[in-house]
Amino acid sequence: MTEALTMPFRLEAAGLAVGGFAEVSGLEAPPETLSHRSGSGLRHMPGGLRLRPLTLSRGVIGAPGFIDWIEACLRGEVSPRALDLLLFGTDRDEAARWRLGGAWVSGWQAGVRQAEALPVERMTLGIDKVERVRP
1 MTEALTMPFR LEAAGLAVGG FAEVSGLEAP PETLSHRSGS GLRHMPGGLR LRPLTLSRGV
61 IGAPGFIDWI EACLRGEVSP RALDLLLFGT DRDEAARWRL GGAWVSGWQA GVRQAEALPV
121 ERMTLGIDKV ERVRP
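Counted the way UniProt numbering counts, the sequence shown spans residues 1 to 135.
Everything labelled a hint here was simulated from the structure, so no lab data went into it. There may be inaccurate statements among the hints.
Stated by the list, open to error - Label pairs and their computed distance ranges (CB to CB):
| hint | residue 1 | residue 2 | range |
| --- | --- | --- | --- |
| 1 | L16 | S38 | 48 to 54 Å |
| 2 | L16 | T90 | 30 to 36 Å |
| 3 | E71 | G39 | 53 to 59 Å |
Unchecked claim - Here are the simulated EDC-like pairs of lysine to aspartate or glutamate, each with C-alpha atoms no more than 20 Å apart in a straight line:
| hint | residue 1 | residue 2 |
| --- | --- | --- |
| 4 | K129 | E32 |
| 5 | K129 | E12 |
| 6 | K129 | D84 |
C-beta atoms are modelled at their ideal positions from N, C-alpha and C, and glycine is treated no differently.
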């Protein structure tokens with residue numbers, strides 16, 4: 001199986017690749033619903049978008065500066081960053097890109113073993129903004 005199929009996601013910080021991921025979950029922003037009374041009835045209207053944390057699953061991260069940033073976040077020294085999440089197709093061309101604003105590490109799990117799979121680490125990112133950028 002090619003790398004594009006096994007690691008279809010890449011995370012970039014300041015234009016530099018910091019990791020390749022096999023899975024990404026939580027890339028969604030369900031709208032909030034606001035309720036208010038109008039006369040004798042209850043009305044509903046759309047509110048803002050509620051961003052959920054992203055969970056990235058992959059092998060070992062190898063970018064030393066990025067590892068330092070992760071460790072600082074986990075010590076409570078949060079310094080939000082702008083990150084790009086890229087999705088590659090089977091032809092290895094960029095298929096989609098999302099710009100993640102105000103990203104910070106809110107969780108970390110290393111050395112998870114799944115049946116017949118290499119150990120992966122999971123990293124959860126809190127984000128303030130997500131924007132789809134056309135490749």
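Structure-inconsistent hints, enumerated in ascending order: Number 2 - this is the single hint that the structure violates.
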